[in-house]
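J.: Order-wise, the sequence lines are chains A and B. Everything in the first sequence is counted per the numbering used here, starting at 1 for the first residue and increasing by one. Everything in the second sequence is counted per the numbering used here, starting at 1 for the first residue and increasing by one.
Honestly, the hints are just simulated from the structure, not real lab data. Among the hints, a few may not be true.
In this list, chains with the same sequence are indistinguishable; a pair is considered to hold if it fits within one copy or across any two.
[Stated by the list, open to error] The calculated DSS-like cross-link candidates involving lysine-lysine, where the alpha carbons are at most 30 Å apart (straight line), are:
#, residue 1, residue 2
1, Lys98, Lys301
2, Lys212, Lys47
3, Lys319, Lys47
4, Lys47, Lys304
5, Lys212, Lys142
6, Lys212, Lys98
7, Lys301, Lys212
8, Lys304, Lys221
9, Lys323, Lys47
10, Lys47, Lys301
Number of protein chains: 2
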Amino acid sequence: MLSQASGRLGFNVVILDPEENSPACRVSQGQIVAAYDNPTALQVLGKACQAVTFEFENVPARSVEILIEAGCEVAPGPRALAVAQDRVDEKSFLNSIKVPTTAFAAINDLGSLRAAVASLGAPALLKTRRQGYDGKGQAWIKADSGAARAWAAIGAQPAILEARAEFVRELSVICARGRDGDIAVYPLGENTHAGGVLKTTLAPANVGSQTKAQATRIARKILEGLDYVGVMGVELFEMPGGRLLVNEIAPRVHNSGHWTQDGCACDQFEQHIRAVAGWPLGPTAAHARVEMTNLLGNEIKAWKALAADPAVRIHIYGKREAKPGRKMAHINRILPLARSRPRSPGPARKS
Amino acid sequence: MLSQASGRLGFNVVILDPEENSPACRVSQGQIVAAYDNPTALQVLGKACQAVTFEFENVPARSVEILIEAGCEVAPGPRALAVAQDRVDEKSFLNSIKVPTTAFAAINDLGSLRAAVASLGAPALLKTRRQGYDGKGQAWIKADSGAARAWAAIGAQPAILEARAEFVRELSVICARGRDGDIAVYPLGENTHAGGVLKTTLAPANVGSQTKAQATRIARKILEGLDYVGVMGVELFEMPGGRLLVNEIAPRVHNSGHWTQDGCACDQFEQHIRAVAGWPLGPTAAHARVEMTNLLGNEIKAWKALAADPAVRIHIYGKREAKPGRKMAHINRILPLARSRPRSPGPARKS
Numbered sequence: 001m002l003s004q005a006s007g008r009l010g011f012n013v014v015i016l017d018p019e020e021n022s023p024a025c026r027v028s029q030g031q032i033v034a035a036y037d038n039p040t041a042l043q044v045l046g047k048a049c050q051a052v053t054f055e056f057e058n059v060p061a062r063s064v065e066i067l068i069e070a071g072c073e074v075a076p077g078p079r080a081l082a083v084a085q086d087r088v089d090e091k092s093f094l095n096s097i098k099v100p101t102t103a104f105a106a107i108n109d110l111g112s113l114r115a116a117v118a119s120l121g122a123p124a125l126l127k128t129r130r131q132g133y134d135g136k137g138q139a140w141i142k143a144d145s146g147a148a149r150a151w152a153a154i155g156a157q158p159a160i161l162e163a164r165a166e167f168v169r170e171l172s173v174i175c176a177r178g179r180d181g182d183i184a185v186y187p188l189g190e191n192t193h194a195g196g197v198l199k200t201t202l203a204p205a206n207v208g209s210q211t212k213a214q215a216t217r218i219a220r221k222i223l224e225g226l227d228y229v230g231v232m233g234v235e236l237f238e239m240p241g242g243r244l245l246v247n248e249i250a251p252r253v254h255n256s257g258h259w260t261q262d263g264c265a266c267d268q269f270e271q272h273i274r275a276v277a278g279w280p281l282g283p284t285a286a287h288a289r290v291e292m293t294n295l296l297g298n299e300i301k302a303w304k305a306l307a308a309d310p311a312v313r314i315h316i317y318g319k320r321e322a323k324p325g326r327k328m329a330h331i332n333r334i335l336p337l338a339r340s341r342p343r344s345p346g347p348a349r350k351s
Numbered sequence: 001m002l003s004q005a006s007g008r009l010g011f012n013v014v015i016l017d018p019e020e021n022s023p024a025c026r027v028s029q030g031q032i033v034a035a036y037d038n039p040t041a042l043q044v045l046g047k048a049c050q051a052v053t054f055e056f057e058n059v060p061a062r063s064v065e066i067l068i069e070a071g072c073e074v075a076p077g078p079r080a081l082a083v084a085q086d087r088v089d090e091k092s093f094l095n096s097i098k099v100p101t102t103a104f105a106a107i108n109d110l111g112s113l114r115a116a117v118a119s120l121g122a123p124a125l126l127k128t129r130r131q132g133y134d135g136k137g138q139a140w141i142k143a144d145s146g147a148a149r150a151w152a153a154i155g156a157q158p159a160i161l162e163a164r165a166e167f168v169r170e171l172s173v174i175c176a177r178g179r180d181g182d183i184a185v186y187p188l189g190e191n192t193h194a195g196g197v198l199k200t201t202l203a204p205a206n207v208g209s210q211t212k213a214q215a216t217r218i219a220r221k222i223l224e225g226l227d228y229v230g231v232m233g234v235e236l237f238e239m240p241g242g243r244l245l246v247n248e249i250a251p252r253v254h255n256s257g258h259w260t261q262d263g264c265a266c267d268q269f270e271q272h273i274r275a276v277a278g279w280p281l282g283p284t285a286a287h288a289r290v291e292m293t294n295l296l297g298n299e300i301k302a303w304k305a306l307a308a309d310p311a312v313r314i315h316i317y318g319k320r321e322a323k324p325g326r327k328m329a330h331i332n333r334i335l336p337l338a339r340s341r342p343r344s345p346g347p348a349r350k351s
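Based on the provided sequences and hints, a complete structural model is requested.
T.: The following block contains the structure:
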């Protein structure tokens, strides 16, 4: 989708992807089939391109350095990538710029895990410091006694223990910063997850002006704190009383921003390319309310009925095999753009 | 833009184009670089694809036959292509299904031209029967005495003479018909031309419900009359009193339909691919009013200021060389969706 946005703006795109005939390759001028850390491939990419970006935060930091040494503009930059690749560094950075998160502790061994469970209290969520997405590399510790089992479950590797957030709902904000330091913030989305994977986003979310202002302040602090260039997804917990905690940041276009394709004139993909290319940022106002739903695995089989629904915009990724849980497509259901009404606070849910 | 729409729906696209590194190739999976009538290339294309379409009506009819013989679904079909390739056949077909056009006569030599000028009256417009677009292959005959000069100007070849239409304004309607016979019609656009080339389209146009109904009836007759599959552009003259004449039909997506990219959920490109692929047609309602402007030749140099205007959506084609008059890009300026008011009839303009 980034490549498609680039094409609309007149750019030529070359993809580096270890998978032959990748979905992005189908809609791009060229593809280099190689591992993300292949130095020869990175040299070729660096020579072919003026600017490089990524849509996957687990790209090796060394790869970004090689591209920068080759004279490429790489955005987001190595600092944002490094911070987003390590959950302890990420939360430490956020707290250092006065952006609130859930309480957490760095875990290096079973001893430090037991101490952290005693301090943060159970239930708490143990996650690997690095890698892992869509709920992978995570284990809940439901009682003090569960530490050893969770430690084994995540492979006994450097980790983070996060206190459980008794949030009202999960929101996210898609934001962008240009090379000139200009910042653009999209309306908030309200997210639901199933099995650790994003299921739906409703945007613009029903939130009051204070929540919007709070999310915008958070987005601005993070973007400026990282001297960020590009689109970023910021996952938020809305706590009882309305306070927002940051759950996670993604230094890339984000699944909860897919609604912008059919709700905004300039979607998150074009916005990202504008930022990376040094263009002025585009507008972020919504012209429709959109409910985005991911189609996982065999859910793609419903495409025909969905394509026939005039309120549904379908986006199919062209992946060959519908493995269980694999994101195959998403739909954006277009709803009338209602006046925002703050939702009455419901019962707390659990992270 | 057709290829980009295909990509969003999950299709893989192969382009046949005589130009290496064509704009479409930049955003497609593959390209065959060959002439449109190269039989080997057509065989390869036919084997690679389940369905084939074109965005240029001067594709040889024989090429379409070869693809059909190879087992491809080709849409629009050979009949629509044949009718649209010959201006006399086109107007004769339209009149045969009771769709009004300007008065015309088939011209085979200078003698028949002189007789037609005497019968239709000067001024009148002489056009080659085949080929020619954007004002090419045309010559005005301003007085009875101008026949010989015009006949020489168009290369003394089979032609059509068209009476001048004293129209109020130029409108167009983008319409589509699916494989199931379903028909979809977009709101009308109001067009301005400069030097025979489309300059702007404003859509939805300020027209009353009777004009809309008349255009829809015309679109329906033509689509059904040709057993058409795909998107068609129908250029109209609005005459004093409100009667619509068909100026020309284009068996493809049309420049005056580019506004749909930023004014409608399902643009003309996706609509065409839906029809060609046998999908249900998408919705055609406008969520914004759009003024589309073509950027020709060096006008593309204004891209930076245009990209910085939040009301402007810019679409750049990625052509390497900005030859004078060449369509390099277009912009869609987004305006508030006003209630339609029929425009008060102004003075007649000339075709």
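J.: So which hints don't hold here, by number, going up?
T.: Violated hints (numbers, rising): 1, 2, 5 and 7; every other hint is consistent with the structure.
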